[in-house]
Structure formats: structure tokens, C-alpha cells
Amino acid sequence: MQISLVGAGYWGSKLKAELETIPGVDEIEIIDIKDGKDLKDIKYNNVILATPAWDHHTQTIKLLQQDKNVYVEKPLSLTCTECCIIKSFLREQTLMVGHIFLYNDRVHKIKELLPQIGDVQHIEMNRLNWGRFQTKISTVHSLAPHDVSIIHYWLGTHDFQNIKHTGHKFSGKVQNDRDEFTFTCNRIPVKFNLSWYYPEKVRTTAIVGTKGMIFWDEEEKIIRVTTDIWNGDRMNYEPTIEEYQVPSNPLRNELIEFVECVKQKRKPVADVDNAIAVAKNLDLLSKSLRHQ
Numbered sequence: 413m414q415i416s417l418v419g420a421g422y423w424g425s426k427l428k429a430e431l432e433t434i435p436g437v438d439e440i441e442i443i444d445i446k447d448g449k450d451l452k453d454i455k456y457n458n459v460i461l462a463t464p465a466w467d468h469h470t471q472t473i474k475l476l477q478q479d480k481n482v483y484v485e486k487p488l489s490l491t492c493t494e495c496c497i498i499k500s501f502l503r504e505q506t507l508m509v510g511h512i513f514l515y516n517d518r519v520h521k522i523k524e525l526l527p528q529i530g531d532v533q534h535i536e537m538n539r540l541n542w543g544r545f546q547t548k549i550s551t552v553h554s555l556a557p558h559d560v561s562i563i564h565y566w567l568g569t570h571d572f573q574n575i576k577h578t579g580h581k582f583s584g585k586v587q588n589d590r591d592e593f594t595f596t597c598n599r600i601p602v603k604f605n606l607s608w609y610y611p612e613k614v615r616t617t618a619i620v621g622t623k624g625m626i627f628w629d630e631e632e633k634i635i636r637v638t639t640d641i642w643n644g645d646r647m648n649y650e651p652t653i654e655e656y657q658v659p660s661n662p663l664r665n666e667l668i669e670f671v672e673c674v675k676q677k678r679k680p681v682a683d684v685d686n687a688i689a690v691a692k693n694l695d696l697l698s699k700s701l702r703h704q
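Mapped onto the working numbering, the consecutive letters of the sequence shown carry residue numbers 413 to 704.
There may be inaccurate statements among the hints.
[Stated by the list, open to error] With a Cα cut of at most 30 Å, we get these calculated DSS-like pairs of lysine-lysine:
| # | residue 1 | residue 2 |
| --- | --- | --- |
| 1 | K455 | K679 |
| 2 | K426 | K455 |
| 3 | K452 | K576 |
| 4 | K523 | K455 |
| 5 | K581 | K548 |
| 6 | K480 | K585 |
| 7 | K623 | K585 |
| 8 | K623 | K576 |
| 9 | K446 | K480 |
| 10 | K692 | K581 |
| 11 | K633 | K603 |
| 12 | K452 | K480 |
| 13 | K449 | K426 |
| 14 | K452 | K426 |
| 15 | K675 | K699 |
| 16 | K699 | K633 |
| 17 | K623 | K426 |
| 18 | K699 | K677 |
| 19 | K428 | K480 |
| 20 | K480 | K675 |
| 21 | K692 | K426 |
| 22 | K692 | K499 |
| 23 | K523 | K585 |
| 24 | K613 | K474 |
| 25 | K603 | K449 |
| 26 | K603 | K474 |
| 27 | K449 | K521 |
| 28 | K446 | K523 |
| 29 | K452 | K521 |
| 30 | K679 | K474 |
| 31 | K677 | K452 |
| 32 | K521 | K446 |
| 33 | K449 | K523 |
| 34 | K480 | K499 |
| 35 | K474 | K576 |
| 36 | K426 | K446 |
| 37 | K474 | K633 |
| 38 | K613 | K426 |
| 39 | K480 | K692 |
| 40 | K426 | K521 |
Just so you know, the hints here were simulated from the structure itself, not pulled from any lab data. None of the values given here were measured: they were computed from a predicted structure.
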């Protein structure tokens with residue numbers, strides 16, 4: 413298979429390195445604006461867009477009009493309406509969106525483990541780091557697509573309700589450097605902590621249930637399940653703790669999915685409808701951010 417990679421920056425370079433290891437990928441063409449190239453220079457029918465989020469809408473439509481198979485980095489576009497417009501241009505091509513955590517085996521393992529902790533009572537997700545700073549988009553479109561797609565996978569696709577937001581501009585720039593959202597999904601309380609102004613890279617999730625708890629540290633690649641948390645009506649301070657180390661290469665998994673979907677003419681897990689569902693809740697989060 414021949415693939416044109418549009419964008420060779422921070423994430424594009426990672427895509428290129430991984431693509432070079434995928435069986436069946438014979439040629440990779442780099443289309444980079446720094447080299448004076450644009451969409452009209454694309455030679456191949458299979459295209460990966462690793463361009464800025466605000467360009468995805470126009471670029472994806474142009475590529476679909478040319479009957480290309482397209483993999484778009486998240487988000488597909490900046491509003492649900494724009495995502496629906498993109499869908500209207502889709503015919504028989506493959507259109508896949510880079511919701512990478514849907515291809516993370518640790519995310520799959522957590523869903524498998526959820527019954528062990530009883531009814532889910534609360535989920536808190538932390539996505540914090542020093543950078544990458546953005547000026548044209550907020551943390552909602554830079555960071556939250558990951559967490560929204562994960563919540564949908566675990567809890568089902570539901571409109572977020574009872575959204576509350578707190579934002580902080582530590583740098584004094586146009587976008588908030590930290591955004592905290594609380595809301596309910598399928599009646600379960602959820603909290604997102606999102607920031608690119610934090611001294612440590614943190615990718616953790618805590619899930620509290622009636623019978624136990626799950627802690628996931630993506631940086632350490634571990635999942636810890638705590639059960640037997642009650643001793644009668646008292647907290648058990650010597651609960652049962654099991655730790656899981658689940659190997660996974662999500663980027664490789666999703667690129668293999670793109671290649672296989674093109675060859676087999678089937679829909680990917682992270683298809684356009686999945687992206688529209690994510691965008692709908694991103695719209696709701698963005699609305700609360702604008703009304704802070």
C-alpha cells in the first residue's frame with residue numbers, strides 16, 4: 413500500500429516512524445507545507461492528515477471529493493456540525509479518526525475489569541503536561557477528545573449533563589492553561605482535569621465503584637484494581653490489590669486498522685459516527701467554557 417502523509421511535524425514524524433514498520437505499507441510520501449507542498453501534490457489514494465485541527469474540516473472534504481481514503485488525526489473537526497458536513501461527502505471510502513485510545517489495550521482491559529468494582533460511582537481523569545501550548549484551540553479540542561472517546565467506550569455514548577467548568581489563565585495567553593470540567597455521563601459523575609501548564613506529564617484515571625476502585629497510570633503503563641474495600645460497614649484498610657501490566661502500542665494498532673480497513677473495505681472502530689458523537693460532547697464542553 414502507498415500512503416501520503418500530510419504534515420511532518422511533531423506528531424507527523426511519529427506517524428512516519430510507525431508507518432515504516434507496518435506490513436503492507438510499501439511507500440510513504442511526505443507532504444509538508446515547509447517544503448512548499450499542499451494537497452494538490454498528493455500522489456496516492458490513501459492519505460493520513462497530521463495537520464492542525466483547524467485545517468481538518470476543509471482538507472478532509474477536499475480529499476473525500478478526490479475519492480481518497482483518509483485517516484484524520486483527532487479531532488475530525490472543531491464542531492459537531494462540521495463533522496456532519498464531512499460525513500455528507502463520504503461515499504465508499506475509508507474515513508478514520510485518530511482516537512488513539514480506542515486502540516489502547518489498557519483501555520480495553522479496564523472495561524473488562526469494571527464489573528469487579530460494582531456500580532461505577534465516579535471517574536476522574538487527569539491529562540496534564542508542560543505544553544504543548546496552543547493559541548488557536550483550547551484544551552477541549554487539544555486534550556479532551558482523548559478522554560471523551562474513552563468515556564464513551566466505557567460508559568456508552570450519552571450527552572454530557574450538568575456540566576460545570578473552572579478555567580485558569582496562568583500564562584495570561586488567549587486560551588486557558590488549565591480547564592476543569594465536572595459533568596455526568598449516563599448518570600455517573602465524571603471530572604476532567606486538562607492542562608498544558610503543569611510541571612509533570614500526568615496521564616492518570618481513577619474509577620470509584622461500590623465494591624472497589626481502579627487506578628490507571630498511562631505513563632507507567634499500569635492498572636491497579638482494589639477490591640474488598642469494605643469490612644462490614646467499615647472501610648477495609650487492607651484491601652485486595654491486583655496490578656496489571658498490559659503491553660500495548662496504540663499508534664501501531666490504529667495504523668494497522670487503517671491499512672486493513674482500506675484493504676477489506678470495512679468501517680474502522682474510530683469511524684465518522686464515532687467522531688460525530690465525540691464532537692457533540694466537545695461542543696457541550698466548549699459551550700460551558702465560553703460561559704465561564
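Hints, one by one, checked against the model:
| no. | hint | verdict |
| --- | --- | --- |
| 1 | K455 with K679 | holds (24 Å) |
| 2 | K426 with K455 | holds (21 Å) |
| 3 | K452 with K576 | violated (44 Å) |
| 4 | K523 with K455 | violated (41 Å) |
| 5 | K581 with K548 | holds (15 Å) |
| 6 | K480 with K585 | violated (38 Å) |
| 7 | K623 with K585 | violated (44 Å) |
| 8 | K623 with K576 | holds (28 Å) |
| 9 | K446 with K480 | holds (23 Å) |
| 10 | K692 with K581 | holds (25 Å) |
| 11 | K633 with K603 | holds (21 Å) |
| 12 | K452 with K480 | holds (12 Å) |
| 13 | K449 with K426 | holds (20 Å) |
| 14 | K452 with K426 | holds (23 Å) |
| 15 | K675 with K699 | violated (39 Å) |
| 16 | K699 with K633 | violated (33 Å) |
| 17 | K623 with K426 | violated (40 Å) |
| 18 | K699 with K677 | violated (37 Å) |
| 19 | K428 with K480 | holds (19 Å) |
| 20 | K480 with K675 | holds (13 Å) |
| 21 | K692 with K426 | holds (28 Å) |
| 22 | K692 with K499 | holds (14 Å) |
| 23 | K523 with K585 | violated (38 Å) |
| 24 | K613 with K474 | violated (36 Å) |
| 25 | K603 with K449 | violated (42 Å) |
| 26 | K603 with K474 | violated (37 Å) |
| 27 | K449 with K521 | violated (42 Å) |
| 28 | K446 with K523 | violated (42 Å) |
| 29 | K452 with K521 | violated (42 Å) |
| 30 | K679 with K474 | holds (20 Å) |
| 31 | K677 with K452 | holds (25 Å) |
| 32 | K521 with K446 | violated (41 Å) |
| 33 | K449 with K523 | violated (43 Å) |
| 34 | K480 with K499 | holds (14 Å) |
| 35 | K474 with K576 | violated (37 Å) |
| 36 | K426 with K446 | holds (17 Å) |
| 37 | K474 with K633 | violated (38 Å) |
| 38 | K613 with K426 | holds (18 Å) |
| 39 | K480 with K692 | holds (25 Å) |
| 40 | K426 with K521 | holds (25 Å) |
This entry does not satisfy hints 3, 4, 6, 7, 15, 16, 17, 18, 23, 24, 25, 26, 27, 28, 29, 32, 33, 35 and 37, going by the numbered hints stated previously.
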